[in-house]
Amino acid sequence: MKPQTVVYRPVDLARAHGLSAQAVRNYEQAGVIPPAARTASGYRVYTDDHVGALAAYVALLPGYGYRAAGEIMRSVLRGDLPAALTVLDAAHVQLHRDRETVDRVASAAIVLAASTPATPDPDGPVPIGVVAHRLGVTPATLRKWERAGILAPARSRTARAYSADDVRDAELAHLLRRGGYPLEHIAAVIEQVHAAGGPGPLAASIDQWRERITARSRAMLTGSARLADYLSSGVS
1 MKPQTVVYRP VDLARAHGLS AQAVRNYEQA GVIPPAARTA SGYRVYTDDH VGALAAYVAL
61 LPGYGYRAAG EIMRSVLRGD LPAALTVLDA AHVQLHRDRE TVDRVASAAI VLAASTPATP
121 DPDGPVPIGV VAHRLGVTPA TLRKWERAGI LAPARSRTAR AYSADDVRDA ELAHLLRRGG
181 YPLEHIAAVI EQVHAAGGPG PLAASIDQWR ERITARSRAM LTGSARLADY LSSGVS
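When we follow the working numbering, the leftmost residue of the sequence shown carries the number 1, and every step to the right adds one.
Calculated directly from the structure, the hints in this document are not laboratory data.
Misleading hints may appear alongside valid ones.
Unchecked claim - For each label pair, taking beta carbons as the anchor points, the in silico distance ranges come out as: (1) Val45 with Ser20: 51 to 61 Å; (2) Ala225 with Ala161: 26 to 36 Å; (3) Ile213 with Pro127: 35 to 45 Å; (4) Gly234 with Arg25: 16 to 26 Å; (5) Ala225 with Gly42: 16 to 26 Å; (6) Glu191 with Arg15: 40 to 50 Å.
Don't be surprised by glycine CBs; every beta carbon is placed ideally from N, CA and C.
With these hints in hand, go ahead and build the complete structure from the sequences.
And the structure:
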């Protein structure tokens, strides 16, 4: 005797994940779980296939976000597994880049902590030639760093004026450049220094940044496992 298919209502799926029944219907409309069958009176009927798809989608959200998780599930449900895996791979590549960035910023924070703070000139900001001479580079190099988004000195119609913070950024860029860092990586480090409010707060925020990356990495691992469970159920 063929076993009877277990059927579920929207509220049954919703309760398992702390969602509303409307959220389950919205997910169906968005194409991240399969379309539901309907009873003669028009009520939705879900099966174990929907249970597995919803579990996979909800698990993917914390690590991959709504956009990527939606792309993954829609690709899986239309039978395009390579497309789903491409989105997964891209997310892991980005996570690896984020991890590399925090390592670069941590290295920069150590350099900043060990360096002598830039001393403001008593006469105010200094011109590009003074900064270039201090670092032993050419003004053209400083202008190149500016185009790369590393430096942003104040500018008049005739000249650039470097504040103490601008000089500090230039010194940090010079140290990292000598260490072999490409310009786009240095620009990311300088951006983090500014966002943190300086090298001191930056150093204090690095551990929190690493914790967030670790949490996301674990969430991605869990989401991938739930997706693998769903694929193993025979949807692929």
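- Query: Is it true that Glu191 and Arg15 lie within 40 to 50 Å of each other by Cβ?
  - Reply: 44 Å, holds
Does the Cβ pair Gly234, Arg25 satisfy 16 to 26 Å? Holds: the Cβ-Cβ distance is about 25 Å, inside 16 to 26 Å.
Assuming the hint says 35 to 45 Å, is it satisfied by the Cβ distance from Ile213 to Pro127 or not?
40 Å, holds
key: Cβ separation of Val45 and Ser20, checked against the hinted range 51 to 61 Å   = 18 Å, violated
Q) When you take the CB atoms of Ala225 and Gly42, is the distance between them in 16 to 26 Å? A) This hint is violated: roughly 36 Å between Cβ atoms.
Range hint 26 to 36 Å: satisfied by the CB atoms of Ala225 and Ala161?
Violated, at about 55 Å.
In summary, the structure is inconsistent with hints 1, 2 and 5 from the numbered list given earlier, while agreeing with the others.
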